[in-house]
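Asks: All letters in the sequence shown, in the order written, are residues 1299 to 1494 by my numbering.
None of these hints come from the bench; they were simulated from the model. Any given hint could be a false lead.
Pair ranges (Cβ atoms, derived) [claimed, not checked]:
#1 Val1362 with Gly1489: 16 to 26 Å
#2 Ala1482 with Leu1397: 37 to 47 Å
#3 Asp1388 with His1469: 18 to 28 Å
#4 Pro1444 with Leu1401: 43 to 53 Å
#5 Val1362 with Val1475: 22 to 32 Å
Just so it is clear, the structure is predicted and the values come from calculations on it, not from any experiment. The C-beta atom is built at its ideal place from N, Cα and C for all residues, glycine as well.
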Amino acid sequence: AVILLHWFNVAIWILELSTGGALLAGPGYQIAPVWWREFMIAVFGSPAMILRVHITAGVIWTAVLLVYGIFGFRKYFYPALTRYFIPDRDDFLWLKNRLLLILGKDVELPPQGIYNGGQKMYGIAVYLGCAAIIVSGFIMAFHWGPPWLVQWSILLHFVAVGGVFAGLFVHVYMGAVLPEERPAFYSMFSGKVPEL
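My request is simple: use the sequences and hints to build the entire structure.
Replies: Now the structure itself:
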């Protein structure tokens, strides 16, 4: 279930970032290049259809996360929140020493459990960021609440997506590029990680 959810998230994030970028490529925003908007219009037919696809993918993403959270609550979600993502003293020491190692200092990393301190911090940020993305997305898409709430939701949605997206660069680099972490990448196919 975790592996399937991971690859589902990869597909949804690619679609959502592609369509969201096209929605923010107009003359008022210029977040993405205009050619990207033109390309996405050629793919989907119109800006309105890009928006429909973006909203529909977001609703499907939310529904799948809810199903996962409800039916996998005891097996996956609750243990992740209570055992795996609560940082302890070793996690903060790991974060400090990992930074020192990157800077070339000779220090030892403290022992870690299933997730290291960096993964825990990223996990917490992703959980909070995704909650903000979902809530703000529904408020914007379905105009829930007064106009001021919809307007603030636009800013919250943009900031939350930007934060999670920035973390994705580190996540992909650590999991797929960094040699010492590469076994974690292969675990997303096999479900297994070498003990070392």
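Asks: Each hint: holds or not?
Replies: Hints, verified against the model:
Here the CB-CB span from Val1362 to Gly1489 is close to 19 Å, well matched to the stated 16 to 26 Å. Against the hinted window of 37 to 47 Å, the Cβ-Cβ separation of Ala1482 and Leu1397 comes to about 19 Å, which falls outside the hint. Checked against the hint of 18 to 28 Å, the C-beta distance between Asp1388 and His1469 comes to roughly 21 Å, which is consistent with it. Checking the proposed 43 to 53 Å range against Pro1444 and Leu1401 shows it holds: the Cβ atoms sit about 49 Å from each other.
The hint said 22 to 32 Å for the Cβ distance between Val1362 and Val1475, and at roughly 28 Å that hint holds.
Of the numbered hints stated above, the single one contradicted by the structure is hint 2.
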